[in-house]
Each structure stands twice: as structure tokens, then as C-alpha cells.
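**Student:** The lines below spell out each chain.
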Amino acid sequence: MRKELCIKNQMTELEKVNQFIDEICEELGLSMELTMNLNLVMEEMVVNVISYAYPEGSDAEIELLAKSDDKELTLVLSDQGREFDPTMKEASDMSVNPALREVGGMGIFIVKNLMNKVTYQRLQGRNLLTMTKNIEN
Amino acid sequence: MTQILKEGGKTIIKTGSRIDTMNATQFEQDIQPALKDGGVDLEMDCTDLTYMASSGLRIIQKTMRTVMQLRGQFKMTNVSPEIYKVLAMTGFTQFMKVEQKKG
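In order, the protein sequence lines correspond to chains A and B. Take 50 as the starting number for the first sequence in the working numbering and just add one per residue. Take 5 as the starting number for the second sequence in the working numbering and just add one per residue.
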């Protein structure tokens, strides 16, 4: 399976991302839980790109690629924004009471926890975030 | 859609099916009256909730903080097993009462 989606750097495009992930999960026959988790992962990372990679109000495109074999589903997020490595973003300490720690800092932590591998590359002026999930039963 | 119900001295916030980046701000606004007005005993009923992003977790975080300052109580009920796992992963289940959906 190989599917691509190109979206604008606007929050309203999240609905398309959601549909894209739902379609992939349905095609691969993935569980409800995995579908929810993959939607969560993609939303967190797309929101990151929209929020940090481009100046506010600028028009840009973000590309999503999904490919799979029997064992793995790989999701690649690619944009031409400023260099931004979300894997380096410091996560909050989850052993501290959420009411007492700084608000946020959970997105990348969730993504790293739900996926098997998350890697970032800066390649030819593009941010490339590659996330892999084992889908073997 | 978020619903706010009063039951004796208790306030129940009944969530819609999703709390995501698109509707989190609306959800936060919707629950503000419950935090001002007798919101010391608060229950967030998640029966209809099937999806929550970190934007939703941030609102729960802020709500915990407000309720703590008001010396009140705040719990989540009827949480799906999938969402419970995310709440456990991010430390929420250790510091607040989170009840899973039965059956």
C-alpha cells in the first residue's frame, strides 16, 4: 500500500488528515485502537508543522506519505518550512502531577510512545519526519 | 456537543465524541461556567468520547489546576480503554480519579 496526501498549512486541513488515516487503517484492517492512535500521532505532528515550521499567515504545503508491507506501516511527513526537529522537543516529566507541571509538552511524548520508531531528517531544504508502526498481528 | 448538567451539588460535563485541535478551544469555553459556578465537585462524563488529542489533555490539565486551587474534586468517568491508556501514559491516572467505561 502506498498513499499520498498534500495539504495546506492550515488547521482546517486536519479533517483531511483524519480521513486519510481512517482510509489507510480501513484498507489495512487495523483495529479501532490503532486507528485512533495513528490519528492522534498524525494530528500532533501536523499541528506541530503548522504551528512552528512556517510564519503565521504564510501559504505552504505539507505532504503526507503512507506506505506499508505486511509488517510495518510507515508515515512520512514532509514540509519546506524552517528546520524543526520535533523529536528534540523536550517532553514534560509525566511522573509529576499534571496540575503542577507546565501545560503541554505531551504531544511528542505520546507520538514516541505510540510509534515504534520516530526519526527526523533535514534533507534538501525539507523537514522529513518518518514514523514507523509494527502492524504484524 | 458539550453538555453541562447539575446534579445536587455536583456538576457533570458531558463531552461530545471528539476533543481535538479544531474544537479544543470551544470545549474549554463550554466548560468555563462549570468551573466558576459551584464547580468544586466536577465530573467529566466521557461516555461519548472516542478521540482526544493533546489539546484536550491540556484542558484537563488546566481544569485539574483550577479545581485544585478551589480545593474541589474532579474526576473523569466512562472513559474508553483506548483513551484511558493515553491518560495513563501521560500521568493523569496517577493524580486524578479516572474511571473506565464498564462492559
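Worth double-checking, as some hints may not be accurate.
Derived BS3-like pairs: lysine-lysine, alpha-carbon spacing no greater than 27 Å straight-line [claimed, not checked]:
| id | chain 1 | residue 1 | chain 2 | residue 2 |
| --- | --- | --- | --- | --- |
| 1 | B | K66 | A | K161 |
| 2 | A | K120 | B | K89 |
| 3 | A | K138 | B | K89 |
It is worth saying that the hints were derived from the structure and are not from the lab.
**Student:** Give a verdict on every hint.
**Tutor:** Here's how the hints hold up against the structure:
1. B:K66 / A:K161: With a Cα-Cα distance of about 24 Å, the restraint between K66 of chain B and K161 of chain A holds, given a limit of 27 Å.
2. A:K120 / B:K89: holds (23 Å)
3. A:K138 / B:K89: holds (22 Å)
In summary, this structure violates none of the numbered hints.
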